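**Q** Listed here are the chains, written in short residue letters.
Number of protein chains: 4
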Amino acid sequence: MELVCVEDFELQADRKLEKIAKDYYKSGAGDQFSLRLNREAFKKLRLRPRCLRDVSQLDISCKIFGQQQKWPLGIAPTAMQKMAHPDGEIGNARAAGKAGSIFILSTLSTTSLEDLAAGAPDTNKWFQLYIYKDRSLTEKIVRRAEKANFQALVLTVDAPIFGHRRADVRNKFSLPAHLSLANFKGEQANGVITEGGSGINEYVASQFDPSITWQDIAWLKKLTHLPIVVKGVLTAEDAVLAREFGCAGVIVSNHGARQIDTVPASIEALPEVVNAVGNDMVVMLDGGIMQGNDIFKALALGAKTVFIGRPAVYGLAYNGQKGVEQLLGVLRKDFEITMALTGCQKLTDIKSAMVAHESTYAKL
Amino acid sequence: MELVCVEDFELQADRKLEKIAKDYYKSGAGDQFSLRLNREAFKKLRLRPRCLRDVSQLDISCKIFGQQQKWPLGIAPTAMQKMAHPDGEIGNARAAGKAGSIFILSTLSTTSLEDLAAGAPDTNKWFQLYIYKDRSLTEKIVRRAEKANFQALVLTVDAPIFGHRRADVRNKFSLPAHLSLANFKGEQANGVITEGGSGINEYVASQFDPSITWQDIAWLKKLTHLPIVVKGVLTAEDAVLAREFGCAGVIVSNHGARQIDTVPASIEALPEVVNAVGNDMVVMLDGGIMQGNDIFKALALGAKTVFIGRPAVYGLAYNGQKGVEQLLGVLRKDFEITMALTGCQKLTDIKSAMVAHESTYAKL
Amino acid sequence: MELVCVEDFELQADRKLEKIAKDYYKSGAGDQFSLRLNREAFKKLRLRPRCLRDVSQLDISCKIFGQQQKWPLGIAPTAMQKMAHPDGEIGNARAAGKAGSIFILSTLSTTSLEDLAAGAPDTNKWFQLYIYKDRSLTEKIVRRAEKANFQALVLTVDAPIFGHRRADVRNKFSLPAHLSLANFKGEQANGVITEGGSGINEYVASQFDPSITWQDIAWLKKLTHLPIVVKGVLTAEDAVLAREFGCAGVIVSNHGARQIDTVPASIEALPEVVNAVGNDMVVMLDGGIMQGNDIFKALALGAKTVFIGRPAVYGLAYNGQKGVEQLLGVLRKDFEITMALTGCQKLTDIKSAMVAHESTYAKL
Amino acid sequence: MELVCVEDFELQADRKLEKIAKDYYKSGAGDQFSLRLNREAFKKLRLRPRCLRDVSQLDISCKIFGQQQKWPLGIAPTAMQKMAHPDGEIGNARAAGKAGSIFILSTLSTTSLEDLAAGAPDTNKWFQLYIYKDRSLTEKIVRRAEKANFQALVLTVDAPIFGHRRADVRNKFSLPAHLSLANFKGEQANGVITEGGSGINEYVASQFDPSITWQDIAWLKKLTHLPIVVKGVLTAEDAVLAREFGCAGVIVSNHGARQIDTVPASIEALPEVVNAVGNDMVVMLDGGIMQGNDIFKALALGAKTVFIGRPAVYGLAYNGQKGVEQLLGVLRKDFEITMALTGCQKLTDIKSAMVAHESTYAKL
Ligand SMILES: Cc1cc2nc3c(=O)[nH]c(=O)nc-3n(C[C@H](O)[C@H](O)[C@H](O)COP(=O)(O)O)c2cc1C
Ligand SMILES: Cc1cc2nc3c(=O)[nH]c(=O)nc-3n(C[C@H](O)[C@H](O)[C@H](O)COP(=O)(O)O)c2cc1C
Ligand SMILES: Cc1cc2nc3c(=O)[nH]c(=O)nc-3n(C[C@H](O)[C@H](O)[C@H](O)COP(=O)(O)O)c2cc1C
Ligand SMILES: Cc1cc2nc3c(=O)[nH]c(=O)nc-3n(C[C@H](O)[C@H](O)[C@H](O)COP(=O)(O)O)c2cc1C
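Residue numbers (the working numbering), protein chains in the order written: chain A, 7 to 370; chain B, 7 to 370; chain C, 7 to 370; chain D, 7 to 370.
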């Protein structure tokens with residue numbers, strides 16, 4: 007049967023993945039309230055489509071940090087993609103490249119950043135950074151990313167430790183033995199092994215530095231000339247700090263609802279961030295994007311581009327690189343339909359008045 | 007068993023129709039949020055009935071574009087009705103005529119407008135227009151509609167392309183071979199054949215002109231003396247443009263939630279349109295009408311008449327012309343009960359204060 | 007098993023009653039949105055209980071039209087009670103008398119008002135009036151009610167015709183042949199026989215006068231010295247008219263959601279009526295009362311007493327007079343618990359600040 | 007399988023407990039609306055986490071009435087704990103002591119306060135008081151509690167009688183014969199025996215004094231030097247009275263929704279109490295706490311510590327003292343994760359701006 011929407015890919019992935027991997031990819035923190043909210047919050051926004059505008063030619067390209075992008079949807083960093091499919095990060099990144107999507111590689115990838123760069127040379131790549139207690143490790147990886155031609159550094163700021171994902175604890179999650187965190191060697195590479203609970207959480211607790219602060223942005227800026235994006239901001243207050251400390255961009259994100267439960271959906275948090283820093287920084291979003299509609303709404307509220315995490319993993323699990331290509335095709339087509347049917351010829355035609363909260367209609 | 011409400015007809019139609027046709031008729035766009043919303047939004051409006059008014063004689067007639075109508079419910083244009091029942095558009099239109107309902111014929115009918123006019127001479131008929139890339143086709147069809155005594159032109163403005171209706175793609179929808187789009191010849195008549203996805207969407211993409219703008223209203227006005235109604239407006243902004251460009255009426259509609267998902271229910275969008283242009287244009291509505299209550303609420307909020315799409319198709323599928331007659335009988339009776347029990351003797355007795363949003367009651 | 011709440015009685019009644027009677031008693035109009043709402047709306051009100059008040063002695067008596075009542079819960083008029091149990095109206099009324107509850111006899115009773123008065127002499131009885139096309143019938147029945155010592159006339163103003171209760175139409179409801187509308191003779195007594203649809207609706211359509219207006223209150227006032235209560239008011243506007251026309255009381259009611267669907271729950275409509283006329287008239291309520299809580303909330307919002315319709319029928323169906331006694335016992339105990347646990351010693355201790363709408367808590 | 011959240015303990019307890027005990031522990035009043043609300047209301051509050059703060063060292067200790075506590079979670083008083091597990095109150099209290107949690111012993115315990123004190127000498131213990139009709143009993147028990155080194159008196163003010171818990175009535179609840187209310191002798195010890203309904207309710211009705219008022223606080227203050235906490239306040243008005251009468255603290259609580267149904271969730275009522283008396287009294291909360299999130303939210307809204315009732319009973323039922331230890335471990339870890347992931351190093355870092363009501367996000 008034809009796969010016509012992201013849910014279809016999710017179903018296929020559910021069938022292909024083993025329980026332990028499936029649970030790892032799908033879980034959210036706590037009782038997964040925000041996981042559901044990430045998707046449902048989009049449904050509380052109504053589109054206000056305009057008609058009788060020439061939509062025979064659509065142009066959905068955009069510029070991010072001065073670089074032309076084919077469209078405003080990229081791939082968010084997700085760890086350990088080879089668990090989903092042997093094509094792993096390279097498959098995902100190649101598909102992204104073909105679709106003209108930015109690909110963000112996770113620090114915790116099962117492919118080294120150098121191999122990824124070699125395997126997907128034509129993809130616009132960003133590198134997602136976690137800061138290790140051993141700062142020299144981090145310093146080195148930043149230099150390696152620069153050298154391998156990554157175009158931006160995405161510092162994930164919502165993960166001093168990892169959230170409580172119940173299934174991973176129950177499953178005593180470990181990275182399968184034939185895989186490793188390929189950016190590293192030794193215990194940093196092979197440490198995702200359960201010591202009774204979730205192996206990835208235990209790894210993070212032992213390796214990541216939970217004492218990092220905004221001062222470390224200053225440190226990072228000295229290390230690199232790449233634009234620094236902070237990922238995981240949910241408040242205007244932190245967005246303002248990001249601006250103060252010289253970040254170029256911010257990804258409004260709750261880490262796919264995997265860190266703390268009952269945080270706002272990222273689309274709920276977007277407006278306050280855009281209000282605070284939208285004129286000065288590139289505001290982006292991930293979390294819960296499932297359709298063309300969702301992309302459109304995020305842009306209408308001020309995001310410059312959005313990213314998908316799980317959907318790409320579902321495409322990968324379903325059919326490797328080809329699966330991601332197919333998934334991106336579905337999403338692109340769906341977004342173009344939304345553009346045409348809202349009367350938008352190009353991204354700048356998307357106005358905030360084209361999206362209204364349901365509460366607007368909750369009166370006469 | 008007696009069919010006592012529209013849901014009963016829907017159930018009967020569900021049994022009679024083959025999957026591919028049933029899916030085509032019932033589907034909405036995307037994950038069908040607005041499809042459900044079209045019905046549910048009516049439930050958020052409370053009736054405030056008045057008592058001890060003489061309701062022994064009811065008069066529910068109305069005037070639309072100067073023509074007397076028996077009651078404020080007509081049949082919205084729906085494509086390819088012979089798929090539902092051999093009686094097709096003629097059966098539907100005759101039933102409408104008997105009930106005193108306006109019948110709007112779709113451009114995409116399986117009966118030619120001339121045959122329809124001949125088959126249902128006593129019905130008040132309007133013609134729904136899609137503008138083809140080949141403008142001469144459209145010009146010709148307008149002249150034919152005038153000649154066949156259609157009383158208004160309904161330009162559908164929410165469909166430069168067709169929305170993503172997942173079931174139609176999965177089913178690879180094609181028009182059954184024994185049917186054709188009877189207003190046309192050649193590929194325009196027989197082109198609803200899948201090329202891998204939804205045959206109707208592919209037809210529309212190849213035939214309809216997605217570059218039409220408000221200027222084309224000017225062009226159309228020169229072609230015809232008929233009143234022009236724009237169908238598919240959901241915002242005050244577009245209603246104001248419709249007035250500016252000389253349209254006589256507007257149908258507030260989201261195309262039965264078949265174009266883009268997460269748009270407002272038509273009853274949600276009605277107030278802003280009435281506020282903007284209600285004094286100057288005939289504002290009408292379709293979408294989600296299932297009961298006498300719903301008709302009443304739309305009128306209370308300023309619509310002059312409403313239309314039903316799917317319900318009529320369900321009546322047709324259930325039992326051809328007779329099924330539609332029966333359905334209209336049920337709706338008429340239900341509307342009369344609403345009139346009597348709200349204390350309204352005639353349509354002008356329906357006041358806006360007789361409908362309150364549920365939020366009115368969400369405080370003490 | 008012990009029956010501990012109204013729902014338990016409902017379940018027992020469900021088992022005992024035949025489908026046609028059960029459907030008749032339980033149905034609401036349309037798709038029964040307001041039927042559910044009548045109960046659910048109480049759940050949107052929060053109790054704000056006060057503590058450390060002496061509740062060792064409770065006094066829940068009240069005065070209505072100058073007459074002392076043991077507590078603020080009476081029995082609403084419901085038609086044809088012998089269908090539920092041979093004890094019928096007399097059983098219901100006797101149980102009411104024992105509990106100190108007002109009993110309102112329906113015009114459409116299966117026991118004549120004289121028999122009822124003879125069978126339940128110690129019960130405080132009111133008579134519910136429908137106005138027949140044949141006014142002499144109505145005139146006579148008013149005189150008979152006075153003579154039989156009924157203490158108030160309750161004119162039902164929300165039923166010029168009867169609402170569309172789908173099950174009754176499907177069931178082609180008729181009153182069983184061994185029963186009749188015992189206040190009448192001939193066709194008025196035996197006319198509840200289906201002619202294709204709901205026999206009771208057909209009866210009403212042929213017998214009741216749908217042309218009655220507020221002027222008929224004037225007519226009625228001349229006929230009788232009894233206090234006149236209008237039953238079925240849902241708006242401040244009509245309550246004001248009731249005051250203008252000299253009514254002594256008003257029952258805020260949507261007729262158990264049996265007339266038009268999507269009207270407000272009676273507890274939703276209560277505040278506007280109390281605001282408008284609460285100082286001048288006795289405002290009462292029926293609809294959806296299931297617990298002590300519900301009684302308390304209605305009083306807190308300004309009702310002087312409440313009535314139950316279906317719950318009493320459930321008690322009757324379960325076990326005749328004994329069943330109603332038991333049901334009233336459960337409700338009385340539940341109301342006393344509510345009094346004690348909110349810190350109220352007598353009804354005047356119930357203050358409006360003890361009930362808050364949930365929206366009060368929907369912010370920080 | 008590893009138990010990773012309170013729900014897991016609840017499931018285990020469900021399996022271990024006999025129906026009559028399980029129903030007793032789990033029930034709420036009426037139809038248990040507020041029981042569900044106690045948990046759900048927390049879900050209407052969103053966390054607004056802050057990032058890039060040094061969370062390498064967490065300090066979650068607090069001071070209550072001048073005494074240092076390891077963390078802001080204690081055990082609420084619940085009656086008759088030996089029904090859950092032979093370890094009973096001592097097991098629960100020892101686990102509390104190990105975790106550094108305050109333990110509140112119920113008047114209605116199946117272990118005498120002296121035995122409890124002897125069995126759990128290192129636990130910080132408070133005594134929960136019910137006032138008996140026989141005041142000398144109460145006087146004696148207060149002196150005994152002082153002597154046994156309890157640190158505070160918790161007067162439960164929401165229980166002049168007990169609420170209507172349907173299951174207990176249906177089950178004709180009695181305390182198993184081998185157990186007694188160990189603080190007493192004779193009928194006060196052995197009186198929890200059904201006389202047809204709920205044995206515990208009947209006991210309370212015959213023994214507790216429903217005439218107590220705020221004046222009895224004055225009486226109590228003369229009896230004891232211990233700080234007096236009133237438990238069961240849901241309104242600002244009563245909190246103000248508590249301050250006036252010299253109470254040291256107040257526990258915002260609806261008694262686990264066991265008294266009257268449709269009262270606010272305790273987390274809903276917290277803000278008005280904090281606003282009214284938060285600067286002058288120690289405001290605490292119990293009801294619905296299931297996760298680290300919930301603790302955090304209560305503190306953010308102004309509670310100084312929170313208590314759990316049922317969760318501890320579930321731990322006890324699952325595995326006695328060890329079960330409670332394990333449960334407290336899960337909750338502590340979960341709370342620490344919340345601290346780290348909201349960027350809070352110590353309790354005073356928890357600011358009210360870190361919690362927002364969902365309505366904050368219900369607009370653009
Ligand atoms: C399986 C999985 C692994 C993830 N790994 C990382 C990661 O290594 N680094 C990171 O910054 N975010 C990570 N995230 C968060 C994603 O970058 C992104 O924020 C999130 O997936 C977006 O939500 P979505 O899955 O609803 O699209 C991960 C998310 C998932 C689902
Ligand atoms: C099966 C189907 C076919 C339709 N075809 C057309 C069409 O050809 N032209 C058009 O303007 N609208 C079309 N519509 C939209 C209807 O005119 C109308 O807006 C909608 O059905 C109203 O909603 P309802 O179905 O809830 O009553 C179609 C709708 C359906 C369900
Ligand atoms: C089976 C049934 C018959 C009724 N018959 C009458 C009637 O004869 N006259 C009348 O004024 N109201 C009648 N009512 C309405 C009741 O008086 C009352 O308004 C309603 O039952 C209250 O709602 P409740 O059933 O939720 O308590 C009837 C209601 C029911 C359920
Ligand atoms: C089984 C049970 C017994 C209780 N017994 C008492 C009691 O003896 N005294 C008292 O003040 N509160 C009592 N409570 C109320 C608790 O102290 C507390 O307010 C409530 O359990 C908190 O809600 P939670 O169960 O959701 O944590 C009891 C609660 C339960 C569930």
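Hints listed in this document are in silico derivations from the structure and should not be mistaken for laboratory results.
Model, not experiment: these values are computed from the prediction.
It is possible that some hints are incorrect.
Pair by pair, the computed Cβ-Cβ distance ranges are [claimed, not checked]:
#1 B:Pro-92 <-> A:Gly-125: 39 to 47 Å
#2 A:Asp-355 <-> D:Leu-370: 17 to 25 Å
#3 A:Ser-67 <-> B:Asp-286: 36 to 44 Å
#4 D:Gly-72 <-> C:Asn-285: 49 to 57 Å
#5 D:Lys-178 <-> A:Ala-183: 53 to 61 Å
#6 B:His-184 <-> A:Ala-124: 55 to 63 Å
#7 A:Asp-60 <-> C:Leu-370: 57 to 65 Å
#8 D:Ala-211 <-> A:Val-246: 58 to 66 Å
#9 C:Asn-285 <-> B:Gln-63: 46 to 54 Å
#10 C:Lys-352 <-> B:Thr-366: 31 to 39 Å
#11 D:Arg-42 <-> A:Phe-71: 43 to 51 Å
#12 D:Ala-359 <-> B:Arg-21: 55 to 63 Å
#13 C:Lys-369 <-> B:Asp-286: 56 to 64 Å
#14 D:Ala-359 <-> B:Gly-252: 50 to 58 Å
Here are some, though not all, of the chain D residues that point toward chain C, as calculated from beta-carbon distances under 7 Å [said to hold, decoys possible]:
#15 Met-7
#16 Glu-8
#17 Leu-17
#18 Phe-39
#19 Ile-167
#20 Arg-176
#21 Pro-216
#22 Ser-217
#23 Ile-266
#24 Ser-365
Yeah, the Cβ is synthetic: ideal placement off N, Cα and C, and Gly gets one too.
**Q** So, for every hint listed, does it hold in this structure?
**A** To see whether the hints hold, each was checked on the structure:
1. Taking the beta carbon of each, Pro-92 of chain B and Gly-125 of chain A are about 59 Å apart, not inside 39 to 47 Å as hinted.
2. Distance hint check: the CB atoms of Asp-355 of chain A and Leu-370 of chain D are about 19 Å apart, consistent with the given range 17 to 25 Å.
3. Taken as a hint, the range 36 to 44 Å holds for the pair Ser-67 of chain A and Asp-286 of chain B, whose Cβ atoms sit roughly 40 Å apart.
4. Look at Gly-72 of chain D against Asn-285 of chain C: about 53 Å separates their beta carbons, and that is inside 49 to 57 Å.
5. In this structure the hint that Lys-178 of chain D and Ala-183 of chain A lie 53 to 61 Å apart at CB holds, the actual value being about 59 Å.
6. Between His-184 of chain B and Ala-124 of chain A, the C-beta spacing of about 58 Å keeps the proposed range 55 to 63 Å intact.
7. A beta carbon spacing of about 47 Å between Asp-60 of chain A and Leu-370 of chain C contradicts the range 57 to 65 Å that was offered as a hint.
8. At about 60 Å, the beta-carbon gap between Ala-211 of chain D and Val-246 of chain A stays in the expected band of 58 to 66 Å.
9. Distance hint check: the CB atoms of Asn-285 of chain C and Gln-63 of chain B are about 38 Å apart, inconsistent with the given range 46 to 54 Å.
10. For the pair Lys-352 of chain C and Thr-366 of chain B, the supplied restraint of 31 to 39 Å holds, since their beta-carbon distance comes to about 33 Å.
11. The hinted range of 43 to 51 Å is satisfied by Arg-42 of chain D and Phe-71 of chain A, whose Cβ atoms lie roughly 48 Å apart.
12. For the pair Ala-359 of chain D and Arg-21 of chain B, the beta carbons lie near 57 Å from each other, so the given range of 55 to 63 Å is met.
13. The supplied range of 56 to 64 Å is broken by Lys-369 of chain C and Asp-286 of chain B, whose beta-carbon atoms lie about 40 Å from each other.
14. Evaluation of the 50 to 58 Å hint for Ala-359 of chain D and Gly-252 of chain B yields a pass: the beta carbon distance comes to about 54 Å.
15. Evaluation of the Met-7 of chain D hint against chain C yields a violated restraint, the C-beta minimum of about 36 Å exceeding 7 Å.
16. About 35 Å separates the beta-carbon of Glu-8 of chain D from the nearest beta-carbon of chain C, more than 7 Å, and the hint is not met.
17. Here the hint on Leu-17 of chain D is broken, as its CB sits about 27 Å from the closest CB of chain C, past 7 Å.
18. Proximity of Phe-39 of chain D to chain C holds as hinted, the smallest CB-CB distance being about 6 Å (cut-off 7 Å).
19. About 5 Å separates the beta-carbon of Ile-167 of chain D from the nearest beta-carbon of chain C, less than 7 Å, and the hint is met.
20. Checking Arg-176 of chain D against chain C by beta carbon gives a least distance of about 6 Å; that is within 7 Å, so the hint holds.
21. Here the hint on Pro-216 of chain D is kept, as its CB sits about 5 Å from the closest CB of chain C, short of 7 Å.
22. For the restraint placing Ser-217 of chain D at the interface with chain C, the shortest Cβ-Cβ distance is roughly 4 Å, inside the 7 Å limit, so the hint holds.
23. Of the supplied interface hints, the one on Ile-266 of chain D holds, with its beta-carbon coming within about 4 Å of a beta-carbon of chain C, less than 7 Å.
24. Evaluation of the Ser-365 of chain D hint against chain C yields a held restraint, the C-beta minimum of about 5 Å falling below 7 Å.
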